[in-house]
Every structure is written in C-alpha cells, then in structure tokens.
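Chains as they are written, first to last, in the working numbering: chain X, 22 to 142; chain A, 602 to 914.
Everything labelled a hint here was simulated from the structure, so no lab data went into it.
Take the hints with a grain of salt, since some may be wrong.
Pulled a few chain X residues facing chain A out of the computed Cβ check, cut under 10 Å [what the hints assert, rightly or not]:
| hint | residue |
| --- | --- |
| 1 | Val39 |
| 2 | Arg55 |
| 3 | Gly56 |
| 4 | Asp97 |
To list a few chain A residues with every Cβ distance to chain X over 12 Å, as calculated [to be verified]:
| hint | residue |
| --- | --- |
| 5 | Ala701 |
| 6 | Ala775 |
| 7 | Ala852 |
| 8 | Ala882 |
| 9 | Leu909 |
Beta carbons are placed, not taken as given, at the ideal position from N, Cα and C, and that holds for glycine.
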Amino acid sequence: MNTLGELERTVLEHLWAVGAPLTATRLRDDLTDRGLALTTVHTVLTRLEQKGFVDHDDSRPRQFRALGTREDHVADLMHEVLGQAGDRQAALARFVGSVGDDEMRMLRELLAGAGNDAAPA
Amino acid sequence: MLPATALALGVLAALLAWPVPAALARARWPRRDPLAALVCWQAIGLAGGLSIIGALLVHGLSSWGHSLPEAWWHWVTRQPAQEVVRGDHWVAQTLAAVLALELLGVLLLSGVRTARTRRRHRELLELVVRPGAAAPVEDETLLLDHPAPVAFCIPGARPLLVLSSGMVAELDEAQLDAVVAHERAHLREHHHLLLLPFVAWRAALPVLPAADRAHDAVRDLVEMRADDVALTSLAGPDPRRTLAAAIVAAAGGSGGQVPEGALAVSGGPVAVRVRRLLAPADPLPARARWTALACAVALLLVPTVLLLLPALV
Numbered sequence: 022m023n024t025l026g027e028l029e030r031t032v033l034e035h036l037w038a039v040g041a042p043l044t045a046t047r048l049r050d051d052l053t054d055r056g057l058a059l060t061t062v063h064t065v066l067t068r069l070e071q072k073g074f075v076d077h078d079d080s081r082p083r084q085f086r087a088l089g090t091r092e093d094h095v096a097d098l099m100h101e102v103l104g105q106a107g108d109r110q111a112a113l114a115r116f117v118g119s120v121g122d123d124e125m126r127m128l129r130e131l132l133a134g135a136g137n138d139a140a141p142a
Numbered sequence: 602m603l604p605a606t607a608l609a610l611g612v613l614a615a616l617l618a619w620p621v622p623a624a625l626a627r628a629r630w631p632r633r634d635p636l637a638a639l640v641c642w643q644a645i646g647l648a649g650g651l652s653i654i655g656a657l658l659v660h661g662l663s664s665w666g667h668s669l670p671e672a673w674w675h676w677v678t679r680q681p682a683q684e685v686v687r688g689d690h691w692v693a694q695t696l697a698a699v700l701a702l703e704l705l706g707v708l709l710l711s712g713v714r715t716a717r718t719r720r721r722h723r724e725l726l727e728l729v730v731r732p733g734a735a736a737p738v739e740d741e742t743l744l745l746d747h748p749a750p751v752a753f754c755i756p757g758a759r760p761l762l763v764l765s766s767g768m769v770a771e772l773d774e775a776q777l778d779a780v781v782a783h784e785r786a787h788l789r790e791h792h793h794l795l796l797l798p799f800v801a802w803r804a805a806l807p808v809l810p811a812a813d814r815a816h817d818a819v820r821d822l823v824e825m826r827a828d829d830v831a832l833t834s835l836a837g838p839d840p841r842r843t844l845a846a847a848i849v850a851a852a853g854g855s856g857g858q859v860p861e862g863a864l865a866v867s868g869g870p871v872a873v874r875v876r877r878l879l880a881p882a883d884p885l886p887a888r889a890r891w892t893a894l895a896c897a898v899a900l901l902l903v904p905t906v907l908l909l910l911p912a913l914v
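The following block holds chain A by itself, in its conformation from the complex:
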C-alpha cells in the first residue's frame, strides 16, 4: 500500500510543473544572486523529474510491497503481487518507464547532437580563421572576419573563444576585455552544462509551458552570472559601466538582424542585464541566500525520502 506516497509525490510534481517555476521565473531576487537561483532551477528540474516518475512508479508498483525499494525488488524478482493488480497500475508503470526513457533519452540525444555541432564549428573555425589572426586581447582568442559584432565561446575539452572583427571594431580595449572576461566566465563555470538539461527538456516536453519558462530563466541567469564573474576580474575605474557599454554596443551592431518574437521592450533580457549593471541592487543578504540554497536541497530531499522510506500510511 503506497497510495499516500504516490499522492504526495504527485502533488509535488504538480507544484514543480507549474506554480513553483512560474513563481521563481517571476521573482526579482534571482537577478540579485544568479548563482543561488541557478542552483534552485537545477533542483526544480531534478526534483520535478524525480517526483513525477516516482509518483507513477510508486502507484504502478503499489501492489507489490510496502515501500518502493521493497516493491521494486519483488517486481524485479517476479514475485506475485500481494494485492490485486488493476489496469491503472500497469498504465502507471508504463508511463513511468516511457517518461523516464524520454527524459533521459532526450538529454542524451541533445548532449550528443550539441557536441557534434560544436565539433563541426571548432573544425570550421580552425580551418577558416587566418593563421596569426589572433584578436588583440588574447592569444587564445580567435578573430573571425565578419562585420556583425559577435562574441561567443564553444565549450569543450579545448574551449574556443571567438570574437568577430565587427566586435573588435565596435568596442574599445576595456570593453573587449569585459567581453572576453564574460565569455571566459561561461567556460570556467561550465554554464553550458547548467543549460543543457533545460534545452533537452524543453524539447522533450513541448506541452509544458514551465519547461519553456525554465529554459529562458536559466539562459538569462547564466548571462547575469557571467557578467558578475567578469566584473570581479576587470580593472579600470568603472567596470560595470564598461561592461554595460559593451553589451549595448554589441546589441546595437547586430540590430535589425531578427528581433526574435516580441520581446517586451522594458523587460527583455538584455535590458535587464544592462539595468542591473548600471544600477546594481544590493546583493542578496547571506540569510536569504542560504534560505534559497536550503530550499533547493529540501526540494531534492523530499522526493528522495518519499521514494526510499516505507510507505506513508
């Protein structure tokens, strides 16, 4: 008998599928502490998957034992069920398997596909970039001959940092340093790994608006985090303004490209970045930060404990 556990997990899954991500995406504190918010998003993603699959599994196996490990063991060793197995139990088992396979499969597929694209890009860059055309800032930075002001990095075992000639022309030296520091922060903190599950799950769960929202939130937070890290390494009288100016200059140069969808004029992610650089809010107090982190840990612990402990009565 595991129905209370299944119900609790189901409720948790429902909360994590809609109200919790919606609240976090709307909240204003994440831009004061992007790192803590990123941890929370990872916890939401992981706990969400765990609780929905767990709920289905617990219900599907409820006739086989009193706790999930026990029921699972009985099921795997093909012992007869202790109670009547109804059709909905089979449906729940199947759904759990399908969902688990889909989430993991899509994650794997997305990782492989991305790695392949990155390798192709890296090969292309190594062939196309003129030898000795290192950007003025850093030896390991590649300079791509293109008028659009673009900077990006290709993560991996041999990460690449790429600046376009348009970017170099558009920015002064301090601003270029800021851009490079920003990109380097992405690479050092492996932000692509934080983003990967959300890219994959957005693809896996197109019906879930929260998946979209979570992806966008994580993408924007990663940029803010990189801005914050970049600031710590920048010299100069006003690094915040330098970085903000670099962002605006880079955005302006690519202007007219493709305004993707209808970005709210005041709420677009670029504007948020520039605003928080120019008029920084106070950093989150230590207590609030620890509360956020504790919530993240609790989010992971609750479904884990529900799954492992004997059934609630």
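Just chain X, with the same shape it has in the complex:
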C-alpha cells in the first residue's frame, strides 16, 4: 500500500539521502520498486513543496531538492514545543515546562527527601 503520506516520506527520505537536486523522472527511476507513475511523483513533490519541505529550481527539467535536513526540521519543531517561538498552545501538554536552576535544585532535594523517608519502611 502506497498512501500519499508514506510516499511523501519515501520521496523526502530519498532526497535527503542523495543530498542533491533530482528531477522527477530521476526520482521515479530511483524508486522503481515502488512502481510510481510520473504524475504520482509530481503530486507528491507538489504536496511536499506546499508543506515547505521541498523546493525546485527553474531549470528544465525542474530539479527538486529537500529544504533543510531532517535534523533542521526536528530542531524547528522542538524550538516551538520548548516554548521559545510560535504558538505555545498548539502542542499543549508538554509534560514539564522549563525550570530554572534554583527550582531544579529544590526539586531534586524534594525527591531525595521523600526517598529517605520511604527507605527505612
């Protein structure tokens, strides 16, 4: 089963792996085990472009390249989730918020204190 989401990931993974701009035809040939039609490759590339993961140049035929590495995208997401940018509400429920050094020290003491209380029992 080739769902669109899966194909997007496959194409993006391939662009990341190759690390250089590729044409749609080349992508189809590289992913020949998937049995993709050229139109499907174009659909997937368009979707990836809309999401901001892929870019193309003006040469003929057009060459597609990945925008940013996987690590870049993870870093961006973490940046938002860690509350330094963007809409903090979106990924609600981050397990624990940021804590200052002083509070951290106190938290460790709290935990250690409770451990000592429990130990003799």
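Since the structure of chain X is already known, use the hints to place chain A on it.
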C-alpha cells in the same frame, strides 16, 4: 426600566473580573481537587463574559422595555423606544457589541490558528519521524530524535503522542509509562479545550490581570488533573514516586533552556506538582467538592436569570 438588573450584572462582572479569580488562584484547595477547580474556572470565565456583556446590553436597551428579551425584541423590530434614549445608552450598546464580537472573534481565531499549527506539527512529525521508530512504550507513540527530554501530545481527531529520544534515555520504563499515562489523560479528557478560552481571552484582554492569572491557574490545574488520572492507571509499588521522579528527571534534562520569567523557587508549578505527588493532601471531602460545583452552577445561573427575568425594581 432595567437599571437594577444592569447594576447587579455590573457588580457581578466586577467581582468576576478581579476578586473572585484572585481568590481562587490563591486558594489551596484546588490542588486537592483539580477537576472541581477546573469546573469553577470555566464557570468564572463564562459567567464573567455573560455578565459584563449583559450589563452593557441591559443598560443600552433599557429604554426599550422592561426585560431584556422584551427590550431586545422591540429594538430588533425597530419599535420606538418607550423612554428617552440618551447618549450613554448608545455607548453601552456599542460596547456590548464590540466586546461580544471581540471575545467570540478572538476565541474563534485562536481556535483556528491553533488547529493550523497542530496540523503543521502533525505533518512535520509524520514526515520526520523515522518509520518504525516507535517508542518502546507504545506503538502509537512517536519517537522524536532529539536530546532534550520532552514529551507532549498534539490533540485532534488523530491525536499524537510524542516522546523525544532524550526522554527515553533519561527515564526508566515505569517512569516512561507514567509520562505516557499523563499525556494520554490530557488527550482523553480534552484538556486543550478547557485551556483554549483562557488562552484566547488572555490575548483579548491584556489589560485584565485576572485573565493572565486565570490562564496560568487553568494550565497548572490541567497538569495536576493529568497527574491524578495517570496515577489511577499505573501499576508498580509506588506510582506517585515514579511519576514525581519522571517529572524531576524531565525538568532536569531541559534545565538551562529558558527559565521563563522569575518563577518563585518554592511556588513554581512543577514544584507544586512534585510536592502534591510526594506528600498528597487528603482529597477534598465530598461536601466541599459538591459545594464548589454548586457554586460553579450558581455562577452561571445568576447572570442567566438576571438576563432573562423581567427587570428587578
């Protein structure tokens, strides 16, 4: 003639804009029963909006009839006012409309914007997370390759639960179970919906310190509630300690990130969570809990009744 109604609503609005939220934010019982406190906060938000808009509306339309429904009907059907309409009546009408539009508009906008960000995050996660990189705890949990110990969930029709590899490295298996149970509690009880109006109104009413306070209180209560729910599903000899240890470990790993503002060292929300896990207070007695819930219902009923019943004399 509706002045007494307008006055009563105005007084209620003033109480709900400042002293009531201040008292509830300061009170210590909410951490013993976060769920009841969350209900109270929702009632305060709703009743506050209802009474301030209602007060303005009642005053603005007071020349058109003896009760708000009647005056409203006369106004809508463009019947002549029964008494002299002064400038302040027009001002009150306008303010009521502006405020109602702002509160609802901001709520809508905030909801849309948040949904869009969530969709973007979900798309990103689905592309970026390596296939088969499910976290060791749960199949539906995504494992994000990042050293900071972070866990979060993205609510929605297809909720996602995300653990960072740093979190997995930092915690043992029981602690990870606790984290997952906590996040799952958020998703199951739709805590993002409880928080949404307070996020929106904080943005809409930056001048109102109570809006800030209410938001922070609700945010912290939601975390406590998720802790409580998580505890009920955890096995192991001491789930409270396990969860507390997970919280401390996760907080420690992200340490040095950004201590946001100056959190009071002993009063920070994380410390409160850890304390109430390690040294739990008795749960609120049933009577106190029902009193709190009854107050919440009364808070909603009072402005509703004032708005619908004929004018007080």
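Item to complete: Go through the hint on Val39(X) and say holds or violated, using the shortest Cβ distance to chain A against 10 Å.
Response: violated, 16 Å
Discussion item. The hint names Arg55(X) as touching chain A; please verify it with the least Cβ-Cβ distance against 10 Å.
Written reply: Violated - the Cβ of Arg55(X) stays beyond 10 Å from chain A, reaching only about 14 Å at its closest.
Practice prompt. Taking the shortest Cβ-to-Cβ distance between Ala701(A) and chain X, state whether it exceeds 12 Å.
Written response: Per Cβ check, Ala701(A) is outside 12 Å of chain X; nearest 23 Å; holds.
Fill in: Asp97(X) as an interface hint toward chain A, with CB separation required under 10 Å
holds, 8 Å
Item to complete: Please confirm whether Ala775(A) is truly not at the interface, meaning its C-beta sits more than 12 Å away from all C-beta atoms of chain X.
Response: Holds, because the least Cβ-Cβ distance between Ala775(A) and chain X comes to about 15 Å, which exceeds 12 Å.
Fill in: Nearest-CB test (12 Å) between chain X and Leu909(A)
With a cut-off of 12 Å, Leu909(A) remains clear of chain X, as the shortest Cβ separation is near 34 Å.
Practice prompt. Measuring Cβ to Cβ, find out whether Ala882(A) lies farther than 12 Å from everything in chain X.
Written response: The claim stands: Ala882(A) keeps its Cβ more than 12 Å from every Cβ of chain X (closest is about 15 Å).
Discussion item. Quick check for students: does the CB of Ala852(A) sit more than 12 Å from each CB in chain X?
Written reply: Check fails; 4 Å does not lie beyond 12 Å.
Discussion item. Can you verify the interface hint for Gly56(X): is its Cβ closer than 10 Å to any Cβ in chain A?
Written reply: With Cβ-Cβ at 19 Å, over 10 Å, it is violated.
Hint compliance for this structure: hints 1, 2, 3 and 7 are not met, and every other hint is.
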